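Enquirer: What follows is the residue order along each chain.
Number of protein chains: 2
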Amino acid sequence: MITNNFIFQNTTKIYFGNEQLVYLPQEVKKYGNRVLLTYGGGSIKRTGLYDKILKVLIEAGLTVFEFGGIEPNPRHTTVNQGVKICIEKDIDVLLAVGGGSTIDCTKIIAAARYYKGDSWDLIIHKAEIKKAMPLLTVLTLAATGSEMDNAAVISNVETKQKIGLLHPLLQPTASFLDPENTYTVNSFQTAAGSADIMAHIFDVCYFNRYPKMDMLDKVMEAVLKTVVKYAPIAVKIPDDYEARSNLMWASSWALNGFLQGGPRQMTTCHAMEHELSAFYDITHGLGLAIIIPRWMEYILDNQTAKDIKKFGVNVFGLSADTTDMNGAKSAIQRLKKFFYEELGLQSRLSDLGIDCRNFSIMAEKACRGDKIMGYRDLTPKDVEKIFEMCL
Amino acid sequence: MITNNFIFQNTTKIYFGNEQLVYLPQEVKKYGNRVLLTYGGGSIKRTGLYDKILKVLIEAGLTVFEFGGIEPNPRHTTVNQGVKICIEKDIDVLLAVGGGSTIDCTKIIAAARYYKGDSWDLIIHKAEIKKAMPLLTVLTLAATGSEMDNAAVISNVETKQKIGLLHPLLQPTASFLDPENTYTVNSFQTAAGSADIMAHIFDVCYFNRYPKMDMLDKVMEAVLKTVVKYAPIAVKIPDDYEARSNLMWASSWALNGFLQGGPRQMTTCHAMEHELSAFYDITHGLGLAIIIPRWMEYILDNQTAKDIKKFGVNVFGLSADTTDMNGAKSAIQRLKKFFYEELGLQSRLSDLGIDCRNFSIMAEKACRGDKIMGYRDLTPKDVEKIFEMCL
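Residue numbers (the numbering used here), protein chains in the order written: chain A, 2 to 392; chain B, 2 to 392.
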């Protein structure tokens with residue numbers, strides 16, 4: 002008997018839709034009056050979102066401080082800077098406005114605020130998270146799911162490490178998801194974000210060595226189909242509300258814990274991609290889109306063919322009337338067409354100027370001295386070969 | 002532009018799977034040491050669940066009181082009795098062990114504990130819920146979703162009213178979902194519970210006059226397909242863990258707020274059925290299974306045919322290659338076959354000894370002096386005709 006026991010809880014309050022910022026002050030005031038607005042490279046100033054949020058907060062009588070310039074693949078040194086401001090300004094609550102990088106960085110600021118040492122200690126479990134500041138988010142990119150999960154990924158440029166951390170105290174208390182805030186996301190980032198959403202579903206549970214609950218399998222396919230339907234629309238028509246809203250809600254649900262339900266999380270493709278972006282600082286979703294189809298090709302055998310074919314049939318609507326192996330091959334080809342033609346993403350690492358010189362060390366790092374445990378376990382040699390297939 | 006704004010939050014912590022009761026004492030102890038165990042007709046004593054829970058609680062040093070005998074379609078007078086015990090015994094936390102009736106009743110006990118008057122006042126909004134006791138649940142029937150929502154339905158036998166109430170303070174803090182606890186649910190209750198799950202999806206959002214988010218539409222179909230696949234298995238093989246676990250998690254998700262996402266909740270079939278069970282005390286899910294296909298037939302027109310056909314195609318796998326009207330008719334026939342043949346539920350009110358004598362007054366009550374607002378608005382005359390079609 003397969004039991005798939007699990008514990009599920011997701012406490013984040015979601016304000017979904019446009020014109021929901023009216024609820025922002027009341028969410029802030031639950032925790033105090035001094036709020037630190039964190040953001041990335043400043044796109045929120047160009048789009049007017051920064052002004053809009055500031056206006057709402059100031060009109061409500063709140064005291065707003067800010068910490069901008071959080072980089073993609075955010076660094077522990079940036080976290081440390083944010084912590085300094087929280088202490089100096091006696092901040093009550095954090096408000097991250099941005100995508101996964103800004104939110105992830107702010108999550109660790111929230112936790113490191115109550116830790117006296119270097120924030121990197123928390124990431125590598127040298128120290129334990131015991132307390133965290135309350136965190137609100139305003140999402141501007143449908144991709145990582147960070148707005149509704151308790152995970153954060155932080156990079157250390159000195160050690161070339163990019164590591165994810167999960168902790169209940171990292172869960173945002175409330176997130177504001179306005180699809181209109183993603184209208185200005187360009188085609189490339191929209192495509193990369195969509196690949197990231199799909200990768201979360203693949204990695205979290207869809208391709209899993211352990212038996213899954215059938216309901217969740219069907220729901221995962223429903224969310225994957227949503228991305229397949231709406232990502233190409235959003236890439237072409239950036240202000241299509243229907244497409245943006247479906248992608249936005251799909252991004253949250255791909256990684257909020259519900260789809261997992263039981264089996265241990267597999268993170269094969271993410272583990273490999275984290276080395277790519279740690280070494281070359283490339284866009285995470287692009288790295289995933291390059292890796293995933295090659296990973297599928299590499300692990301394709303008589304056992305995996307059945308699952309990969311099922312993915313093609315149920316998500317892309319391919320014919321079921323073929324052998325598992327041929328169905329799986331068609332599914333992989335269809336996925337490549339989706340990523341590289343319909344979404345217009347680059348298909349090879351060599352297109353990004355990446356060559357094989359670091360593959361061996363990257364593969365070792367991805368396996369952390371052991372193997373990547375997953376749908377199929379991968380040794381450093383396996384990972385190196387998959388990187389080579391991506392060239 | 003269609004925006005579908007909504008607020009979503011669901012804080013209940015779910016312990017899913019067998020052998021999870023080991024976590025029960027720590028959940029209780031968050032709130033105190035004096036726990037009131039509430040339950041229904043005593044089936045939990047026959048199955049051994051009562052002893053199992055008592056053992057876990059007592060070994061953890063907790064003081065356990067009990068309140069059994071909560072009836073199906075629980076009454077406000079029963080709520081009042083429960084409140085009395087809470088006060089007399091200075092209870093810290095409630096533990097409802099049962100299905101929707103036990104959990105619903107206990108939810109209102111939790112709220113009425115802090116109200117000095119008759120609990121019925123809370124149901125009819127004569128008084129407002131301001132505080133509630135913490136509530137844990139151990140689910141024994143996959144049906145109502147009460148284990149993961151903030152709703153409760155209470156009956157008043159004097160006034161022949163059955164009314165649902167929603168309030169954030171009615172949300173269980175934690176629920177224990179062990180599919181094995183539903184092994185002893187008989188074929189009839191399994192079938193009726195499964196009809197209830199489907200009805201929640203139909204009523205909450207699937208058949209809706211307002212545009213829905215496509216992702217949620219796809220997810221609703223995934224959950225409906227899950228019920229269609231597993232309910233007949235559970236009816237035949239009561240200890241099939243896979244079937245029981247899929248139905249159990251489907252029951253929670255059909256009504257936990259996620260599937261709704263935007264459009265106002267429609268409760269057409271529930272509104273009609275509540276009159277049936279208020280007048281005749283019949284099993285809620287059975288009443289729904291009798292009503293739903295007749296309601297579909299009654300509202301079938303050129304507009305609704307498209308949605309009903311889509312349901313048949315995407316949930317039952319019927320051919321899409323036909324007109325909307327023929328597709329819709331096939332879908333309704335297929336649903337009847339599912340309810341009355343595959344699940345073995347009775348198909349007519351006359352089978353239950355119900356005649357038309359109260360239909361007129363029931364229809365008036367269902368419309369509460371106005372109309373049932375829904376996918377199609379229904380006047381008392383419409384409702385009466387639908388009841389007649391059920392004879």
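Bear in mind the hints are in silico, worked out from the structure with no lab data behind them. As the structure is a prediction and not an experimental result, all values here were calculated from the model. Mixed in with the good hints there might be a few duds.
Identical copies carry no separate label here, and so any pair may be met within one copy or between two of them.
To be verified - Okay, derived cross-link-like pairs now, DSSO-like style, lysine-lysine, Cα gap no bigger than 27 Å in a straight line:
#1 K213 x K237
#2 K53 x K307
#3 K213 x K46
#4 K30 x K90
#5 K90 x K132
#6 K117 x K307
#7 K132 x K226
Enquirer: Hint by hint, say whether it matches the structure.
Expert: Hint check:
no. : hint        : verdict
1   : K213 x K237 : between (35 Å within a copy, 22 Å between copies)
2   : K53 x K307  : neither (50 Å within a copy, 42 Å between copies)
3   : K213 x K46  : neither (44 Å within a copy, 32 Å between copies)
4   : K30 x K90   : within (17 Å within a copy, 37 Å between copies)
5   : K90 x K132  : within (18 Å within a copy, 36 Å between copies)
6   : K117 x K307 : neither (51 Å within a copy, 62 Å between copies)
7   : K132 x K226 : neither (39 Å within a copy, 42 Å between copies)
Comparing the model with each numbered hint stated earlier shows that hints 2, 3, 6, 7 do not hold.
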